[in-house]
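**Student:** One letter stands for each residue in the lines below.
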Amino acid sequence: MSGATEYDLVREDTSTLELGAGATVGFAVVLFGFGLAGLFELVAVTESVAGVQLPRLLGGLLTLASAALAWFGVASHRGLVPTDPRPSAGVVAATGAAGVWFVVGGLVGSQTLGFGTVGWLALALLAGAVGFAATALPREDLGTTLPVAALTGLGGLALLTDVIGPDWAWSPVGLRATFAAPIAIPIIVLFCSLLVGWAGAKAYGGFGARGRHLGAYALVYLNVLSILGVLVGLLAFVFTKGAPVVVQGITVGPGAGPETTIRLFGFAHTVVWPVDWPFVMNGVSLYAEVSGVLPAIVGTVWLVVGAVLFAVPLGVGAAVFLAEYAEEGRFTQVVEVATNALWSTPSIVFGLFGYAFLVPRFGGSKSLLSGMLTLGFMLLPLVVITSREAMLAVPDDYRDASAALGVSKWQTIRSVVVPASLPGVITGVILGVGRIAGETAPILLTMAGATEPSAAETADVVGGFALSSSPPFVTNPALLEATSALPYQLYAIISAGVGGDAAFGWGTALVLLVVVLTFYAVGIASRTYFRRKLHE
Amino acid sequence: MSTELNETQTEAAQSPAELGGATTVGETDERTRAEWVDHEFDGDAKIAVEDLNVYYGDDHALTDISMEIPEGSVTALIGPSGCGKSTFLRCLNRMNDRIGSARIEGSVRIDGEEVYRDRADLVELRKRVGMVFQQPNPFPKSIRDNVSYGPRKHGDLDTTFLSRLLGRDDVDEEASLVEEALEQAALWEEVNDRLDDNALGLSGGQQQRLCIARCLATDPDVILMDEPASALDPIATAKIEDLIEELAEEYTVVVVTHNMQQAARVSDQTAVFLTGGELVEYGDTDQIFENPESQRVEDYVTGKFG
Amino acid sequence: MSDLRRPPHDGRRSVQRRVAATREFVDETPSTALAAGLVGGLALIGVLVGFLVQSPLTVLALGAFLAAFAYGWLRHQALTARAMTFAMTASTILVLGLITVFIFAEAWPVFEYASGTVFGVQVPGLELFTTTNWSPVSEPIGYSLAPMIHGTVMVTVVATAVAGPLGVAAALFIGEIAPPTVRELVKPGVEILAGIPSIVYGFIGFTILSPWASEAFDLVGQGTYLFVGLVVGLMALPTVVSVAEDAINSVPESMKSGSLALGTTDWQTMTAITLPAASSGVSAAVLLGVGRAIGETMAATVMLRNSPALPEPLYNAFYGYETLTSLIAARYGDAHGLQFNALFAAGVVLFVTVLALSVGSQIIEARMERELGGNQG
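Residue numbers (numbering that gives the first Met the number 0), protein chains in the order written: chain A, 0 to 535; chain B, 0 to 305; chain C, 0 to 376.
By construction, these hints were calculated from the structure, which means they are not laboratory data. In this text the structure is predicted, and so the values were computed from the model without any measurement.
Okay, derived cross-link-like pairs now, SDA-like style, lysine to any residue, Cα gap no bigger than 20 Å in a straight line:
hint	chain 1	residue 1	chain 2	residue 2
1	A	K240	C	P210
2	B	K303	B	P79
3	A	K532	A	P394
4	A	K408	A	E327
5	B	K140	C	E252
6	A	K240	C	L208
7	A	K240	C	I207
8	A	K240	A	T517
9	C	K255	B	N95
10	C	K186	A	A520
11	B	K140	B	E189
12	B	K140	C	K255
13	B	K140	B	D192
14	B	K303	B	G275
15	B	K140	C	W266
16	B	K140	B	N191
17	C	K255	B	L124
18	A	K408	C	W72
19	A	K240	C	W211
20	B	K140	C	M254
21	C	K255	B	I98
22	B	K238	B	R264
23	A	K408	A	P418
24	A	K240	A	G228
25	C	K186	A	L221
Taking CB as the label site, the calculated pair distances span:
hint	chain 1	residue 1	chain 2	residue 2	range
26	A	F39	B	L164	37 to 47 Å
27	C	G359	A	Y324	21 to 31 Å
28	B	R167	A	T15	27 to 37 Å
29	C	T130	A	L112	38 to 48 Å
30	A	R531	B	N258	32 to 42 Å
31	C	S278	A	L112	35 to 45 Å
32	C	S278	A	D396	33 to 43 Å
33	C	L309	A	Q110	21 to 31 Å
34	A	V229	B	E245	50 to 60 Å
Covered stretches of chain B (in silico footprint by chain C; criterion: 3 or more residues with CB under 8 Å from a CB of chain C, positions within the stretch not fixed):
hint	region
35	94 to 103
36	206 to 219
Backbone N, C-alpha and C define an ideal beta-carbon position, used for all residues, glycine too.
With the hints as extra help, turn the sequences into a complete structure.
**Tutor:** Okay, here's the thing in structure tokens:
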């Protein structure tokens, strides 16, 4: 009916086109790697390799890629290779090309040819229009390859002929910024290789629907790989920078470590640790060989404990009401909107709130207790949201079965719903804790104390409890004093300036990262485990 | 087909029939099987299936299916629910590939070309083998866009803004194609004044005929239908059945149904799948319903079990 | 939200019904339980009021509440549990209310100070936005938030340009493209990315990225909106990915297979069917990502110059001065009087913006649920 040409159901074995286009894509990947290495200064792009200046080498490679791409386009158009192109490459590709050519035209006009605003704008618009037309008007095979090949060729020739050489630099008027060769060359290479990769992947698929599919997939895969690359790179970087600091001076053996005395309402018990790990067991000290972050670790632990003790019972209780008692209606909707809004409220706003609401009510100065409650407020909406979801996910059969046995609603909730939803609740809490443990902004305003706390300034919450005869009858100075926490300590190191102890900062960052990511890893693993169990 | 396999078949075949109280089963079944497995139709087979096995995880959904489907006819697949007839249908256009846990072994050839080969082109396959689903699933677009969706995506129709700007669009072709497909699906009379309305506003029966029109517009050779009338009322069902008979003049239609009267009414051949994912009998529809070789099939078509 | 369409006359009848239900409840409930509930409720209000007015007697009210709760728990557990869970729900909403009240109250003086007149009408806080001078100490004194709003906009625009397209592409990958084993690897990876504390990003930005950018682009001093935006975009990315992936997954499989069965490629199905059907959810995801970017504090604080000013020209992303969040974080320590109130005004702007984004994205998501729900029938 639609007059489609019939193609073979099974494509022939790898064709010349696929081999060539595949090689071009591989070539683009290599160039992309070169560009990245140049950008991160792993390779000095202004140096020479085997007597050839690197910019010229890269220029040559780009020109080669450009020629290959142009050949595919022309060969496909001439029918030398079997492809399935559409009449046009489409508006999306054409708009993209127009944007790129607009920028290129503008840059060439204003910088290379030295036109004024009107001149370069006219040239840019012209180049954009030409780019659009060159992509949209010819058949898809030409429209895809030729504009990309032209751009890549232009970049390649500019590098090859030293128009953009090692000493090239460009300072746009008014920006007070300079694009020098070590930045510009990798960016040109990255950008051109991206385009070549996309066009090459389209050629590999023989253009048409299949080609577009492959071109898009190439970009999506590159995107995901980059995200994972950034993640792995970040973690590896912090580990390599921080690990030497953190493991400094570790000794293992009975009695090697410091003494810890636990006091509770007058009773005391002393433990001697079998490990001495200075970085996590010392405070900051001029006399110790290795300064450590013990007060900050203890502060973070107490913060988390306090926030969890406050938010989890409250949040789970609210979730029970919302999932079991409340009728679906305006009230639950308001609560849902409110909890979601609370969850996306910026942490610094929670900090301001804690500063205005809690600090004056706990002795007028920043305190551990204010910090705990502020983080508790932050944690609360997540506990409500995840617990409610977990409870709603408990099948109604469970409730019906329990109700059929004549068990009251509250008994059903207590003995069926809450236990069944526990995995979901716990997972949510763990992930939430991971988030608040790394928060800096709220505790900055509510509990931050000494910037370089010594071991003596470690918060002793357990030993701090005392009874008194006047209200509020139980006092605990440790709760009402400011203390440190890992994220705050890292911030303090930064605000001390570049001259501060960067190595100590990397160590702190690593400990913080390990603490937070442990929560995340446990949370994600437990979620995966329980989901799998649920589906079995 | 190995002897061992035949024995398994026979064993499996015995028990339900025994429950039904029949006396002579085993031999009949074996003889039948040998006969129909190599059943040859006049002319070339459009679809040839050989030793097809499908597993979902540990679940053996289809067991050693072999059959040939002739061109330009309606083939009905019947059987109780869970017997694997829908799974079999979805093997023919490889829609089972969407299910991660599915493992498929064996061979399906369409016009002699192997569908389950590494370099098989799924897009090309599905252009040739169209499908109508159990639940009507129109896209949330206008009626016109639903019908012309396939041809536009295949590049046979160009109605983009750009081509309209350049005056080389196929808007007229689109209009005639949409009309033709809707006419063929017996929907044109009902919707020709509201082609720009959202397809989700149609009734269930209209939606299903729209899905058929959508499938016809891509000009397939084979049309697979997965219980196309099960979600519809009797009047809409009757319309769909009429449509199936008409389609057989141009297309090869394979239709899954659990409704035996429907199979008897519309089909030229009938394949009976029974529990365990086995194909128990396959032959001309009249023969299957009036004089089945297998006792199990007789019990099933006469409503004794299933 | 669909409740808004409920007919108005329903209100009175529902009140009558509720009164009747309450009477029945009071009649049926043992008087001891009622008394305990009354005492507990009053005591809880007492705790709240006592805490708000900073009374040392708060602890007595707390004691009374605990006693009432203990009695109720021992004698009427089911009723107590129900009442307690309700109180807990109410307190969750109360937190949002308290935040609103407190930051508005603290910000009010500066709103009054910076009021301007439009057509003869006094508009409090107008000059916070219409002037550009932030100078809390030296004359002329001014508390304009405009430079910080500009900074926040710059950072958010760059961050959204990063997190939006990359996030949606990654969500498509996880939801539609990746084989199951790869998905199991990528999804936790993106979540881990969300887990890296912002101060760690800030530390890397401060020690590595800022000096590098300053040198590479030959800038005067350190701190650029461009690189803060890139870092913040990376931090907002996981939010976009996970919400957009939920939206993509909620598009019915029947619709996707309907398209694939017509012989379209996966990519055509994604762009022509899945993404349009999920468009509300995907835009909600981007909105939430924008909200995260606006509220991101520490990376901006440690990577920017912390001197409120507008760059020259306004679009110059190579020079970064101050955002709303970094203003608060960098100045809370030595702020007094009106400057202190001005920090809260910045908080109000942040809070209101992000609240609007959050509610907006929820409305959009609710609409998507309705639309896709309508398809099933």
